[in-house]
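Visitor: Chains A and B, in that order, are what the protein sequence lines are.
Here the first sequence stands for residues 576 to 1007, numbered as in this note's numbering.
Here the second sequence stands for residues 576 to 1007, numbered as in this note's numbering.
Calculated from the structure, these hints are not laboratory results.
Any given hint could turn out to be false.
One copy or any two copies: either way a pair holds, since identical chains are not told apart in the list.
Unchecked claim - Quick list of in silico lysine to aspartate or glutamate cross-link-like pairs, DMTMM-like style, CA-CA up to 20 Å:
no. : residue 1 : residue 2
1   : Lys925    : Glu671
2   : Lys925    : Glu911
3   : Lys608    : Glu784
4   : Lys717    : Asp1006
5   : Lys1005   : Glu695
6   : Lys1005   : Glu880
7   : Lys717    : Glu880
8   : Lys1005   : Asp598
9   : Lys925    : Glu624
10  : Lys608    : Glu814
11  : Lys925    : Asp956
12  : Lys717    : Glu911
13  : Lys806    : Asp687
14  : Lys717    : Glu631
15  : Lys925    : Glu631
16  : Lys925    : Asp632
17  : Lys717    : Glu829
18  : Lys608    : Glu789
19  : Lys608    : Glu716
20  : Lys925    : Asp598
21  : Lys806    : Glu776
22  : Lys717    : Asp797
23  : Lys925    : Glu705
24  : Lys717    : Glu705
Fair warning: this is a prediction, and the values are worked out from it, not measured in the lab.
Number of protein chains: 2
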Amino acid sequence: MRLVVIGGVAAGLSAAARARRCDPCLEITVLEKGAAVAWGACGLPYYLEGRVGCLEDLVVHTPEYFRRERNIAVRTGAEVVAVEHSRRQVTLAGGERAPYDRLVVATGARPDRSIDGAGEPGVFALSGLEDARRLRSFLIEKRPRRAVVIGAGYQGLEMAEVLRTHGLAVTVFEAQRDVLGRHDAALTDFVRRHLERFRVELRLATRVESVEPESVAGVACDLVVLAAGWKPNVELAVEAGIQVGRTGAIRLSERMETNLAGVYAAGDCAETTHLVTGRPVYLPLGTTANKMGRVAGANAAGRREGFPGVAGTCIVGVCGLGVAVTGLSGAQARQEGFDPLEARVEAPGKPRYFQGQPVAVTLVADRGTRRLIGGTVIGRDGVAGRINVLATAITTQMRVEDLAQLDLAYAPPFAPVWDPILIAAQQLLKDL
Amino acid sequence: MRLVVIGGVAAGLSAAARARRCDPCLEITVLEKGAAVAWGACGLPYYLEGRVGCLEDLVVHTPEYFRRERNIAVRTGAEVVAVEHSRRQVTLAGGERAPYDRLVVATGARPDRSIDGAGEPGVFALSGLEDARRLRSFLIEKRPRRAVVIGAGYQGLEMAEVLRTHGLAVTVFEAQRDVLGRHDAALTDFVRRHLERFRVELRLATRVESVEPESVAGVACDLVVLAAGWKPNVELAVEAGIQVGRTGAIRLSERMETNLAGVYAAGDCAETTHLVTGRPVYLPLGTTANKMGRVAGANAAGRREGFPGVAGTCIVGVCGLGVAVTGLSGAQARQEGFDPLEARVEAPGKPRYFQGQPVAVTLVADRGTRRLIGGTVIGRDGVAGRINVLATAITTQMRVEDLAQLDLAYAPPFAPVWDPILIAAQQLLKDL
Chain A
576 MRLVVIGGVA AGLSAAARAR RCDPCLEITV LEKGAAVAWG ACGLPYYLEG
626 RVGCLEDLVV HTPEYFRRER NIAVRTGAEV VAVEHSRRQV TLAGGERAPY
676 DRLVVATGAR PDRSIDGAGE PGVFALSGLE DARRLRSFLI EKRPRRAVVI
726 GAGYQGLEMA EVLRTHGLAV TVFEAQRDVL GRHDAALTDF VRRHLERFRV
776 ELRLATRVES VEPESVAGVA CDLVVLAAGW KPNVELAVEA GIQVGRTGAI
826 RLSERMETNL AGVYAAGDCA ETTHLVTGRP VYLPLGTTAN KMGRVAGANA
876 AGRREGFPGV AGTCIVGVCG LGVAVTGLSG AQARQEGFDP LEARVEAPGK
926 PRYFQGQPVA VTLVADRGTR RLIGGTVIGR DGVAGRINVL ATAITTQMRV
976 EDLAQLDLAY APPFAPVWDP ILIAAQQLLK DL
Chain B
576 MRLVVIGGVA AGLSAAARAR RCDPCLEITV LEKGAAVAWG ACGLPYYLEG
626 RVGCLEDLVV HTPEYFRRER NIAVRTGAEV VAVEHSRRQV TLAGGERAPY
676 DRLVVATGAR PDRSIDGAGE PGVFALSGLE DARRLRSFLI EKRPRRAVVI
726 GAGYQGLEMA EVLRTHGLAV TVFEAQRDVL GRHDAALTDF VRRHLERFRV
776 ELRLATRVES VEPESVAGVA CDLVVLAAGW KPNVELAVEA GIQVGRTGAI
826 RLSERMETNL AGVYAAGDCA ETTHLVTGRP VYLPLGTTAN KMGRVAGANA
876 AGRREGFPGV AGTCIVGVCG LGVAVTGLSG AQARQEGFDP LEARVEAPGK
926 PRYFQGQPVA VTLVADRGTR RLIGGTVIGR DGVAGRINVL ATAITTQMRV
976 EDLAQLDLAY APPFAPVWDP ILIAAQQLLK DL
């Protein structure tokens, strides 16, 4: 049995490694079109910022590691240009063919560059190690002074902080009215005011039609970073007859199967299921890619495993603040047909006598079922842990009254006697 | 309607405040035998350590605050010496009587001093503000050099750190084989080795029969701290005909009712239910006391609310390390009739390129149901958040396969792509 995996980053390598654990005899080949595999894409902003010293630090494993330790053949510079499923073979650029019995498509995503002027010098999009290297060189050598970032998703917000660290004036344009693709006016307002304190200007509901290196939508700049979201790399799959969903990404069963027998997909090229709505969603994130990859790999190796989907959890560092979301915002919940009720509180994340900093917690419940269906946490400390509690509660369809009684850890160096989550849940119960 | 609350710290004041919110007309009196109310007992070690500058910082509210803001009469120095339930009245020291329609007993707990020599100078137990003041004076004026701490529960471990901060040599005696009352050899070993690095000696399975100020069980010392656990203050309740459970603390319904109609109890004088075993347990902690108090207060004011119980979550700071537990350990689970399976992992709490420190996670599942029933988390960062995820998962009876797929937040400044919790869950699944 031969397993071919197209793509050698998060999802692809998770699939290959898991397939190997499930079946020691499988012949496994990973085909990566780039020069490196197994690199942490999420670390790129921190390389640009300087906290990560060199790009090599982001590379977790080499192809040699996979060959030696896992008996997995990993080829770099190996671009698949066609999948002929009827013959169970892929064709590489150059004409070489590789046969497969099982195929995992993990072709990832690319930054949305559908804007006039995207190819000009001084305009960058961050998708690979080389993009980061070029941008860092530009920052150091050209010493730009004014940057425009297009997009206020997590990457745009991270890049705004990176560029401020380098001393640039930063303006962020966002086509939607909200940050983080969240439809959450309160969250957006919080982030906007925080960015303003760091002299990052956020211009919402402003679609940028074209960029020039010297100005964008009337804002003078000598650097433009495109961070207007991700496009799934589905062209190869579509040509092979693999179906995409309404999100434009590959449609999958819970077992990560495409519509073609024996062909799986995982990661940023594919849809996943939103656990609150039960509907397909396109939320390309590294942690989801790894989980999907594991399941695809297991099933490709003959197991029967499922990936239920995501709660929609996302955390981003914004100028010293942790901003995290999970589930749906109130507005999103209404769009999805829920009858949402929201509560917002701001309470210390530790006792006052321990100089607890404020943590802002928003909870969204569905009136009909009294279940938690969304939440945000913003603060300096303890943000990841708190959003994870909410993600767990959402995943288990916890009711707000049960959330309010949760036995959360308390000791002065770590948390207050009433955690902001519990206070927010009590607040929500008053109106529920 | 008159509500009398006996005890003016966590449970008592939570009950009074909640009762007021539920019923603006109720006549509410809180009787506190001590000189202060509403003080944070859990902050005492940090006052002794010096991070909390003065005891007054631990006092959240004054009696005047409750009178003015909540219309609650709070009397200090008001010791209740008898409850005559047939007459619906309590008697104060001095003979004064106070009638009630509803009563909340929140008499708290006291340190176990059942040891010869407990009353000698140089021997301290920490239960009130005055105890802390006396011990701090002793530390500053007498400059003791060698301390013995009796008990390796959370208070004993906190005090060991406090005394090391003051430069004392510290030996901790524990009657049981394990720390934190947990029956967890691996956890105990971890804590013992960590304490040794800070030159705190831990002597387990050593019951101390008597203390002298100069030596304890052969260890020379000029200071002894008793931290051998808590005894519920139930004498007053028992004399009034209130039943205690097998734990020795007041037995309660889910509504915090005692066996006497109209008499509720809450906090450290009472039992609660362990959510994993469904059985009564005595786990006196501030956060539980507050939750129980709220429910007791609501019901005393005519609502119908319940407190389901606790997962058994506890966190303690031990010389720079966060040590947290929830649910049952493997050994405890076996004693309780489960068929437990454990997994232990140590994995970085952030990406390696972000200098992630190791986090040790232990998960305990029940083979029969595949549910998570216990966990520990030890590390420098992110311990509270992670134990809270496990506590939430235990409370919702989550299965390990669902835990392994949780959509936990990921971004390099906050967490690794594979959180140690997910790695531990995957590890557990291999054997489950």
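Visitor: None of the hints should be skipped; say for each whether it holds.
Guide: Evaluation of the provided hints:
When the C-alpha separation of Lys925 and Glu671 is checked against a cutoff of 20 Å, the pair qualifies neither within a copy, at 61 Å, nor between copies, at 40 Å. Taking the shortest Cα distances, Lys925 and Glu911 never come within 20 Å of each other, neither inside one copy (35 Å) nor across copies (34 Å). Taking the shortest Cα distances, Lys608 and Glu784 never come within 20 Å of each other, neither inside one copy (31 Å) nor across copies (72 Å). In the homo-oligomer, the alpha carbons of Lys717 and Asp1006 never lie at most 20 Å apart, since the shortest distance is 56 Å inside one protomer and 56 Å across protomers.
Taking the closest pair of Cα atoms, Lys1005 and Glu695 never come within 20 Å of each other, the shortest separation being 55 Å inside a single copy and 51 Å across copies. With identical chains, the CA atoms of Lys1005 and Glu880 are at most 20 Å apart between copies only, with a shortest distance of 13 Å across copies and 41 Å within one. For the identical chains of this complex, Lys717 and Glu880 are neighbours neither inside a copy (51 Å) nor across copies (65 Å), given an alpha-carbon limit of 20 Å. Proximity of Lys1005 and Asp598 under a CA criterion of 20 Å is satisfied inter-copy only: 14 Å between copies versus 54 Å inside one chain copy.
Taking CA atoms no more than 20 Å apart as the test, Lys925 paired with Glu624 passes between copies only; the shortest distance there is 17 Å, against 30 Å inside one copy. Taking CA atoms no more than 20 Å apart as the test, Lys608 paired with Glu814 passes inside one copy only; the shortest distance there is 18 Å, against 80 Å between copies. Proximity of Lys925 and Asp956 under a CA criterion of 20 Å is satisfied in both settings, with 9 Å inside one chain copy and 15 Å between copies. Taking CA atoms no more than 20 Å apart as the test, Lys717 paired with Glu911 passes in neither setting, with 47 Å inside one copy and 68 Å between copies.
Within a single copy, Lys806 and Asp687 get their C-alpha atoms as close as 6 Å, which meets the 20 Å cut-off; across copies the closest is 64 Å, which misses it. For the identical chains of this complex, Lys717 and Glu631 are neighbours neither inside a copy (23 Å) nor across copies (57 Å), given an alpha-carbon limit of 20 Å. Taking the shortest alpha-carbon separations for Lys925 and Glu631, only the inter-copy value of 17 Å comes in at or below 20 Å, while the best intra-copy value is 38 Å. Within a single copy, Lys925 and Asp632 get their C-alpha atoms only as close as 34 Å, which misses the 20 Å cut-off; across copies the closest is 14 Å, which meets it.
In this homomeric assembly, Lys717 and Glu829 never come within 20 Å of each other (Cα to Cα): the closest approach is 48 Å inside a single copy and 68 Å across copies. Taking the closest pair of Cα atoms, Lys608 and Glu789 never come within 20 Å of each other, the shortest separation being 33 Å inside a single copy and 74 Å across copies. Proximity of Lys608 to Glu716 under the C-alpha cut-off of 20 Å is found in neither arrangement, the shortest distances being 29 Å within a copy and 72 Å between copies. Taking the closest pair of Cα atoms, Lys925 and Asp598 never come within 20 Å of each other, the shortest separation being 48 Å inside a single copy and 30 Å across copies.
Taking CA atoms no more than 20 Å apart as the test, Lys806 paired with Glu776 passes in neither setting, with 26 Å inside one copy and 58 Å between copies. In this assembly of identical chains, the alpha carbons of Lys717 and Asp797 lie at most 20 Å apart only when taken from the same copy (9 Å versus 67 Å across copies). In this homomeric assembly, Lys925 and Glu705 never come within 20 Å of each other (Cα to Cα): the closest approach is 42 Å inside a single copy and 24 Å across copies. In this assembly of identical chains, Lys717 and Glu705 lie within 20 Å of each other by CA distance solely inside one copy; the values are 17 Å within and 65 Å between copies.
Violation of the numbered hints given earlier is confined to hints 1, 2, 3, 4, 5, 7, 12, 14, 17, 18, 19, 20, 21 and 23; the remaining hints are satisfied by the structure.
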